Amino acid sequence: MTATPMFTQAINIGIARIVPADLSNLKTILVAGANGTLIDSILASTDESTGRDLQFWTTSQVNIPATATLTSSGVNVSNGDTVTIDSKVYTFQSVLTNVDGNVKIAASAALSLANLSYAINNQGGVLGTDYATATTPHPTVRATGVTTTVVHVTAIASGTSGNSIVSTKVAATLTWSSATLINGAASIYVDSVLATVNVPTNSGFTSSVSIVSILDSARFGSSTAPTGLQMGDPNGNKLFRLEANEILKVKSLSTVTTARTIYVRASGADL
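Here my numbering = 1-based position in the sequence shown + 166.
Worth flagging that the hints you see were computed from the coordinates, not collected in a lab. Nothing here was measured: the structure is a model prediction, and the numbers come from that model. Yeah, the Cβ is synthetic: ideal placement off N, Cα and C, and Gly gets one too. Just to be clear, a hint being listed does not mean it is correct.
[Said to hold, decoys possible] Label-pair distances were calculated between CB atoms; the ranges are: (1) N229 to T194: 19 to 27 Å; (2) S260 to G240: 14 to 22 Å; (3) G240 to S330: 29 to 37 Å.
Turn these sequences into a full structure, and let the hints steer you where they fit.
Following this line, the structure appears as structure tokens:
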């Protein structure tokens, strides 16, 4: 069964009047409340004598997890080599024994790195062949990517706490990028582009030029989509949710000349 969301009558939740003095600067349309804001329309119109290319942004406050990389020289590891992340030790073995953290040395350095990444996550590869059956997932990190020469490791907890996770090794062919995971950060503001649109001359001010709907051009469901939740209602209409305290902004990409005013409106209801 498909549930149809019930909205209150659409209310105007944010409006910006952009004049030549601030056309090229990011201008806030609205800041979502503590519960976030569900937006069902973002519209732009202008009484300018020339069109404008507008770019819409969301600004989110996020925590960034700490990361590090383990790099191989391309030469395979040796029996008994170890990699330690936080307090958990991974031991490479020529003949695999069933102890949590034991990793099978494969036919190449690249495959041995892959086996290590499987063991860190306790996922992938062949359990009992590529790493010990007794293996448990690492409690504080995940292997978030592996190439032929590099394993990428990321703290599970976002923020600065991951910066204290120690990364060491006893292996001549392996090198950590740092002695601990690094670059974990709290409350970082991240900007993402929601949409880039052209607002033509006199849009919304003459019967032949309609108001521009921004959500029709928004990047929904792509890897470059903003952090807010993009969704569609049962009728196929696009909705956009700003998370708590996220900011919706707009700026002009066009050169400021003798423009008059662009009007931007967002409407919807608090969720």
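Hint check results:
1. A C-beta distance of roughly 23 Å is found between N229 and T194, which places it inside the suggested range of 19 to 27 Å.
2. About 19 Å separates the C-beta atoms of S260 and G240, a value consistent with the hinted range of 14 to 22 Å.
3. At about 31 Å, the CB distance of G240 to S330 agrees with the hint of 29 to 37 Å.
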